[in-house]
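Undergrad: Turn these sequences into a full structure, and let the hints guide you.
Those sequence lines, one after another, are chains A and B. Just so it is clear: in the first sequence, position 28 is 28 by this note's numbering, and no numbers are missing. Just so it is clear: in the second sequence, position 115 is 115 by this note's numbering, and no numbers are missing.
Since the hints were derived computationally from the structure, they do not count as laboratory data. Glycine included, each C-beta is placed from N, C-alpha and C at the ideal position.
Estimated spans, in silico, between C-beta atoms of each pair:
id	chain 1	residue 1	chain 2	residue 2	range
1	A	P234	B	S119	33 to 41 Å
2	A	E223	B	S119	28 to 36 Å
3	A	T128	B	G27	52 to 60 Å
4	B	V367	A	E307	38 to 46 Å
5	B	M179	A	R70	49 to 57 Å
6	B	G238	A	P234	49 to 57 Å
7	A	R88	B	S121	41 to 49 Å
8	B	A12	A	E108	57 to 65 Å
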Amino acid sequence: MKYFTFAAGLFTASMTLAQTPILTIYAPDYFASEWGPGPAIEAAFEESCSCDLQFKTGDVMSRIILEGERTEADAVIGLNTDITKKARETGLFAAHGQDNAQLTLPIEWSDEIFLPFNYGHTAFIYNTEKVANPPASFDALVNSGADLSLVIQDPRSSISGLALVLWVKAVYGEQAEAVWQKLAPKILTVTKGWSESYGLFSDGEADMVLSYTTSPAYHIVAENDLTKKAAIFPEGHYFMVELAAKIASTDVPDLADAFLAFIMTDQFQNIIPEGNWSLPAALPKSQWPQAFQDLPLPEKVLFYSEEEAANLRKETIEEWRRALSK
Amino acid sequence: MAPRIVQISTSALICSFVLLPLLAVWGQADGPTGLGPADWSALRFTILQAALSALLSTLSAVPLARALARAQFWGRAAVIRLMGAPFILPVIVAILGLIAVFGQNGWLNTGLRSLGFGSFSIYGLQGVLLAHVFFNLPLATRMILLGWATIPQERLRLGQSLDLRGFARFRLIEFPMLMTVLPSAVVVIFVICLSSFTVALALGGGPKSTTLELAIYQAFRFDFDFAKAALLGLVQLGVSALAAVFALGFAWGHQLGIGLDRPIALGRHSTLQKYLDGVVIGAALLFLGLPLLLVLGNGLGSVTSLPAAVWMAALRSVLIALGATALCMLLSLSLLSRGGEAIATLGITVSPLVLGTGLFLIARPYVNPFEISLWVTLCVNALMSLPFAVRILRPEMSQVDANFRWLSASLGLSRLGWWRWVVWPRLRRPFGFAAGLTAALSMGDLGVIALFGDAERATLPLKLYQLMGSYRMEQAAGCASLLLILSFGFFWVFDFLGRRNA
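TA: Here it is in structure tokens:
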């Protein structure tokens with residue numbers, strides 16, 4: 001019987017006491033796994049809320065849209081700006097009620113619904129032991145010889161892949177398709193998601209991988225490995241931000257508000273750098289961990305508003321597809 | 001054969017489990033939708049790569065199975081058991097294994113360069129085909145090998161006494177057997193490859209190699225266009241169904257005649273043939289074994305340092321695999337007919353993404369989908385393995401039926417006696433293989449759990465992705481090794497139980 005109970009326990013989530021209110025937050029899988037920031041955030045929030053915070057993982061936005069008004073989520077975390085236009089149009093979200101002036105982002109943020117909690121920039125990461133002379137600018141990358149190999153993500157299946165095509169568009173505008181044609185012979189392959197790309201890069205299959213400016217921090221902090229670097233381009237890097245929001249129909253609005261307020265606290269923000277390997281959205285640079293303070297970061301940040309990004313998406317993906325299909 | 005009522009109800013159950021989710025997703029549609037030019041080119045590429053993959057896998061499996069059927073050497077049983085391992089790997093692991101051998105800095109290119117040759121690029125259609133053959137060659141080989149085992153000894157002896165050699169023997173004895181086995185092997189591999197996505201993209205080298213599954217994924221993740229996802233899912237199902245109908249119509253009936261049910265011995269063959277067989281088997285071993293060994297070796301050192309959560313996930317995956325195996329084998333026994341084979345194919349014709357979402361929509365009004373996510377995973381895994389199980393069991397079952405039905409009827413053997421004394425002793429070998437395959441497949445499948453799993457119910461493949469997603473490539477490699485060991489362990493144990501004393 002003991003074994004049966006044990007086996008049954010494996011299949012059912014931990015039981016919670018009936019009187020404890022539950023705050024359900026939809027989050028991406030990487031966020032809530034034990035290697036993401038989720039568990040630390042959950043523990044920190046539960047210390048003060050006298051509630052049970054539960055992360056439900058999966059494809060956050062698809063599920064919210066499928067569930068509509070009947071969603072059991074009280075809040076969501078981990079949305080990207082590229083899809084916020086559709087998210088906003090559902091009318092399912094309520095104002096976050098936080099003061100945007102507290103944010104320490106490199107861009108202006110005035111959204112009343114979606115609250116940033118961390119950010120980073122697209123960047124090509126290389127291994128200093130294999131690439132002695134990394135391209136010093138986007139132009140240099142585009143015009144480099146075909147012996148430099150890149151792995152990137154598909155803009156149709158990956159957020160970072162989409163950020164890349166927007167990045168190219170932001171730098172080159174009308175010339176984007178021509179630039180893609182020049183990049184094409186250097187692109188070893190395109191993967192479904194970030195993990196496959198980074199795995200190929202880690203195995204030494206390609207010289208550079210599309211990732212984030214903050215990626216080297218993981219290798220420095222966790223592995224004491226100083227050989228992974230982001231190539232910083234003076235043309236600017238595309239800004240990627242992750243957002244949280246409150247669900248309008250929540251049955252625990254006070255808890256949801258408390259959680260959004262908690263996002264802006266130093267306690268939450270301090271978990272982000274080494275939990276999510278990205279930059280905190282509301283913490284001055286002087287308070288970042290040393291490794292993050294030392295990271296080379298771009299001086300120029302490129303960003304499309306959700307309106308612009310939504311309008312450009314089809315066109316930029318099509319340019320990318322045409323150029324790489326040749 | 002199972003009673004008719006069982007056959008019909010099983011078929012109805014499977015149809016509804018596959019088709020209702022599709023309809024549920026369709027029901028989310030806001031308005032009509034259509035396919036764009038990019039979708040049509042994706043459809044063309046999907047069919048092209050799936051057809052080529054299926055043909056290449058089965059055609060190269062014929063000489064391999066033939067060599068394995070007649071060669072006698074130490075370790076033959078182990079080699080045959082290895083046939084099945086690539087098929088059960090999570091795709092991301094297989095890709096990294098293949099890259100380690102065939103990639104830019106893989107063994108092959110390092111060797112070629114040191115010999116002064118140019119390098120081979122895995123990225124392109126050739127890479128997609130290479131990976132699909134890697135996945136499916138073992139499956140095809142085992143299916144054909146089981147076909148060889150159904151050739152009655154008496155036919156072979158008759159062939160020998162007529163001094164049939166070379167082509168004549170192939171045409172009169174082996175070809176008819178192949179025509180009963182190959183079409184269904186081609187179809188099942190074709191259908192698996194139709195929903196290829198991660199492999200096709202990563203090894204295809206870019207958007208030239210876009211498959212329908214990617215379009216489905218895009219419709220879900222970015223466009224939230226559920227009608228389009230359902231439409232694409234329907235197209236995928238239609239192509240699979242056409243292929244199934246075509247091939248099953250093409251397949252020959254059982255023209256082998258009946259025999260006395262004794263083990264086969266293909267008889268004498270020349271020294272040259274022996275060497276050729278050796279070369280074929282050696283090449284296949286190298287092709288299939290090397291990537292696996294590299295994956296295993298890469299992560300073996302990190303297995304013991306994996307955190308407790310990974311072991312819990314492993315235990316969860318083991319339980320799911322056992323449950324899925326039991327369910328799948330139970331269902332497959334009632335589908336051992338031509339129609340049953342077609343029904344069973346349904347399990348892999350619907351995109352996992354569409355299936356998962358549909359099940360989520362159906363379950364939602366009644367239960368919290370998270371609470372049942374592992375049970376759903378179990379059912380979906382059983383369903384996805386069903387086509388393989390049925391295909392593996394059916395040739396033997398038909399043979400038993402043809403050989404013994406009349407004798408058993410004349411002896412007045414009860415239904416129980418028929419299964420216990422006639423069917424089971426003959427079916428247990430393919431049964432063990434099918435059960436092993438189901439268990440291993442279920443272990444390695446990421447499937448629907450990725451859609452609505454939660455951290456407390458993660459399976460081992462999901463943990464692998466989580467580790468990779470948080471930069472922990474070394475632990476991910478350890479996780480991959482563990483997954484490989486467990487999957488293969490399952491496969492080996494079931495296969496062994498089926499073959500023991502048989």
